[in-house]
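Visitor: Working from the sequences, and respecting the hints, build out all of it.
Line by line, the protein sequences are chains A and B. The first sequence maps to residues 1 to 156 in my numbering. The second sequence maps to residues 1 to 489 in my numbering.
Check before you lean on any hint, since a few could be wrong.
Chain B regions said to be covered by chain A (calculated; three or more residues, Cβ under 8 Å) [to be verified]:
no., stretch
1, 164 to 177
2, 366 to 379
3, 382 to 388
4, 392 to 401
5, 404 to 418
6, 434 to 445
Incomplete in silico selection of chain A near chain B, CB under 10 Å [what the hints assert, rightly or not]:
no., residue
7, Leu-55
8, Ile-58
9, Lys-80
10, Ile-97
11, Phe-104
12, Ala-121
13, Ile-144
I should point out that these hints are in silico values taken from the structure, not numbers from a laboratory. Cβ coordinates follow ideal geometry from the N, Cα and C atoms, glycine included.
Residues per chain, in single letters:
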Amino acid sequence: MFKYLMRKDVILGFLTLIAALWIYVTSNHFPIPLGNKVVGPATFPKVISYFLAVLGVIIAIGGILTKSPSTIDFTKMDKKDITKLIASVITVILFSIGIKLKLFIISSVICLLLFIFLTGAEWNIKDKKFLLHLFYSVIITICIYFIFGEFLHVDL
Amino acid sequence: MVGLESLLLVFLGLLVGMIVGVLPGLSATMGVAILMPLTFAMSPENGIATLLGVYCGSIYAGSISAILVNIPGTPAAIATNFDGHPLAKRGEAGRAIGMATVSSFIGGTASVFVLIFLAPQVANFALSFGPPEFFALAVFGLSIIGSISGDSLPKGLVAGCIGLFLATVGMDPISSHPRYIFGRTELLSGVLLVPVLLGLFGLAEVLAQLNDKTTVKVLQQKLKNLVPSLVDMKKCAKTIVRGTIIGTVVGAIPAAGAPIASLLSYNEAKRNSKDPDSFGKGNIEGIAAPESANNASTGGALIPLLTLCIPGDGVTAILLGAFMVHNITPGPLLFQEHPALIKSIYSSLIFANFGILVCGLLLAGFFARLISIPRYYLLPTITLLSIVGTYSLQNNIFDVWIMIFFGVIGYILNFLGIPFGPIILGLILGPIAESNFRRSVIMSDGNLTIFFTRPISLLLLVVTVLILVSPVLKKHYTKKKQMSAHGAS
Numbered sequence: 001m002f003k004y005l006m007r008k009d010v011i012l013g014f015l016t017l018i019a020a021l022w023i024y025v026t027s028n029h030f031p032i033p034l035g036n037k038v039v040g041p042a043t044f045p046k047v048i049s050y051f052l053a054v055l056g057v058i059i060a061i062g063g064i065l066t067k068s069p070s071t072i073d074f075t076k077m078d079k080k081d082i083t084k085l086i087a088s089v090i091t092v093i094l095f096s097i098g099i100k101l102k103l104f105i106i107s108s109v110i111c112l113l114l115f116i117f118l119t120g121a122e123w124n125i126k127d128k129k130f131l132l133h134l135f136y137s138v139i140i141t142i143c144i145y146f147i148f149g150e151f152l153h154v155d156l
Numbered sequence: 001m002v003g004l005e006s007l008l009l010v011f012l013g014l015l016v017g018m019i020v021g022v023l024p025g026l027s028a029t030m031g032v033a034i035l036m037p038l039t040f041a042m043s044p045e046n047g048i049a050t051l052l053g054v055y056c057g058s059i060y061a062g063s064i065s066a067i068l069v070n071i072p073g074t075p076a077a078i079a080t081n082f083d084g085h086p087l088a089k090r091g092e093a094g095r096a097i098g099m100a101t102v103s104s105f106i107g108g109t110a111s112v113f114v115l116i117f118l119a120p121q122v123a124n125f126a127l128s129f130g131p132p133e134f135f136a137l138a139v140f141g142l143s144i145i146g147s148i149s150g151d152s153l154p155k156g157l158v159a160g161c162i163g164l165f166l167a168t169v170g171m172d173p174i175s176s177h178p179r180y181i182f183g184r185t186e187l188l189s190g191v192l193l194v195p196v197l198l199g200l201f202g203l204a205e206v207l208a209q210l211n212d213k214t215t216v217k218v219l220q221q222k223l224k225n226l227v228p229s230l231v232d233m234k235k236c237a238k239t240i241v242r243g244t245i246i247g248t249v250v251g252a253i254p255a256a257g258a259p260i261a262s263l264l265s266y267n268e269a270k271r272n273s274k275d276p277d278s279f280g281k282g283n284i285e286g287i288a289a290p291e292s293a294n295n296a297s298t299g300g301a302l303i304p305l306l307t308l309c310i311p312g313d314g315v316t317a318i319l320l321g322a323f324m325v326h327n328i329t330p331g332p333l334l335f336q337e338h339p340a341l342i343k344s345i346y347s348s349l350i351f352a353n354f355g356i357l358v359c360g361l362l363l364a365g366f367f368a369r370l371i372s373i374p375r376y377y378l379l380p381t382i383t384l385l386s387i388v389g390t391y392s393l394q395n396n397i398f399d400v401w402i403m404i405f406f407g408v409i410g411y412i413l414n415f416l417g418i419p420f421g422p423i424i425l426g427l428i429l430g431p432i433a434e435s436n437f438r439r440s441v442i443m444s445d446g447n448l449t450i451f452f453t454r455p456i457s458l459l460l461l462v463v464t465v466l467i468l469v470s471p472v473l474k475k476h477y478t479k480k481k482q483m484s485a486h487g488a489s
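Guide: See the structure below:
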């Protein structure tokens with residue numbers, strides 16, 4: 001039983017069924033149309049939930065019956081890759097906070113530099129390439145600031 | 001006609017599109033999505049012209065990396081790989097790129113003339129459509145989910161449902177009752193397209209490529225004989241004409257698109273060749289066929305988009321979003337309400353195709369060098385452009401949070417094999433389908449048979465079912481055929 005639960009399609013099927021159920025239940029709170037209007041605000045979400053329920057079942061069954069399943073094994077996941085992923089999302093959030101605080105230029109240079117290293121460049125401040133990465137970050141920041149801030153009048 | 005400013009923007013869009021197209025890992029869809037925010041401040045004519053330049057440029061330039069690296073820059077250039085790379089290995093990369101350029105120019109330009117001739121006729125016909133027909137049309141438009149679903153139709157349909165659900169967020173179009181806004185007033189006007197688009201095609205793609213360790217090996221050689229010889233042109237003339245026809249027709253069919261057009265054209269060229277065995281080993285016709293077809297599909301795909309508001313493929317679904325961002329809804333009325341925009345679109349497309357010819361022949365070497373740009377410079381730039389582009393929509397950080405949310409969700413969906421194209425399609429066509437469905441039902445006093453008693457809506461719904469069912473039937477038929485062949489052997 002547990003081996004089936006690790007299959008991607010089975011997980012997706014269950015997630016789809018949960019989503020269908022949630023949409024159906026929440027749409028029950030929408031007002032019911034009066035008079036001869038048979039369709040109201042809940043009609044479309046309900047139709048979507050029916051479709052999702054059927055598709056969820058199809059995907060889950062397909063996932064159980066398939067002979068070449070694609071599985072998720074958390075123990076085999078590379079910790080370095082997961083760390084990189086989380087760090088990237090945090091960098092994106094920090095950069096967005098920087099924009100909110102009107103600190104575009106400084107946050108952009110820092111985040112670009114961080115992202116360059118997260119996406120595969122070597123991290124060595126003494127290396128000449130570091131200066132190249134820094135230069136690239138500054139140039140791209142200036143270009144984006146000029147295009148969006150000056151040309152498109154975005155409040156950066 | 002179109003102004004100098006528009007032409008300059010088409011040219012700039014074309015150059016950017018060619019850069020996007022030539023880089024493996026960046027798709028035409030991603031290019032149009034990321035550059036869309038740059039057009040917010042422009043007039044609709046200039047904005048759409050820029051994006052059309054990106055569209056045409058990226059579809060063409062996919063061939064350069066297909067020839068030099070054996071990796072198609074865009075899915076539309078898959079068939080160009082087959083003969084392009086063997087030619088490059090023989091030291092004839094210049095000859096291959098030259099033929100790809102000229103074929104793309106001929107195919108693309110011819111398809112624009114078909115668009116100019118056919119689009120007004122289709123639009124005039126569609127003027128008689130009422131709410132039931134528009135509902136059926138929206139459902140028909142959703143049937144292209146079948147073609148952009150990747151390996152699994154059910155997963156594509158789930159993605160379509162996600163898009164349709166997102167379209168229900170905000171105020172209900174008829175009763176104005178708020179739905180799924182979670183107490184946020186920012187969501188009253190619905191989930192905006194741009195944050196979703198940049199989250200899925202920008203941030204999510206970047207996160208997915210973060211741990212990709214593949215390296216690109218470019219064949220280093222001087223590009224000679226870029227201008228095709230008369231002998232090559234004579235040899236490929238028929239193939240180019242055939243490819244142009246196939247590309248335009250397939251492009252105009254929702255549920256098809258440039259990759260299918262190019263593969264079909266390649267297959268036909270091989271089938272009609274006197275020397276079919278030379279295909280796949282460096283036959284120049286193997287370049288002319290897919291390249292004329294994939295660029296011809298750009299004009300073809302715009303026919304249903306402009307006249308019926310139905311995108312022909314994933315990229316045109318994004319282009320449809322660009323129209324919406326500029327407060328323009330494509331459809332039959334577009335031709336009456338925005339004649340200047342229509343003329344601008346025609347001129348931009350013709351100019352873009354001439355641009356392909358000139359830039360392709362003159363700057364091929366420069367674009368070839370771009371393939372080697374390290375991933376660690378590209379991905380951070382795309383991320384930054386996605387964030388700033390989203391913020392530029394209305395100077396509101398809430399849009400950026402939505403974009404990041406969809407970036408993370410997109411990463412998970414990508415991991416589970418859910419394609420993004422249908423989500424966008426559902427988000428765009430959802431409101432059209434819902435409002436016209438409800439108007440139709442109100443019109444018929446609650447009688448749902450209205451959709452089946454009107455011939456056009458019935459026809460559209462039947463075709464939709466056929467399009468959705470055909471991949472399943474095809475799979476079943478192929479399996480049966482294989483089993484019977486196996487039994488016979």
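Visitor: Evaluate each hint against the coordinates.
Guide: To see whether the hints hold, each was checked on the structure:
1. 164 to 177: Coverage by chain A holds here, the residue count being 7 at a Cβ distance below 8 Å.
2. 366 to 379: holds (count 5)
3. 382 to 388: holds (count 5)
4. 392 to 401: holds (count 5)
5. 404 to 418: Result for this restraint: holds, n = 8.
6. 434 to 445: holds (count 6)
7. Leu-55: holds, 5 Å
8. Ile-58: holds, 5 Å
9. Lys-80: holds, 8 Å
10. Ile-97: holds, 8 Å
11. Phe-104: holds, 8 Å
12. Ala-121: Since the shortest Cβ distance to chain B is 4 Å, the answer is holds.
13. Ile-144: holds, 6 Å
Comparing the model with each numbered hint stated earlier shows that all of them hold.
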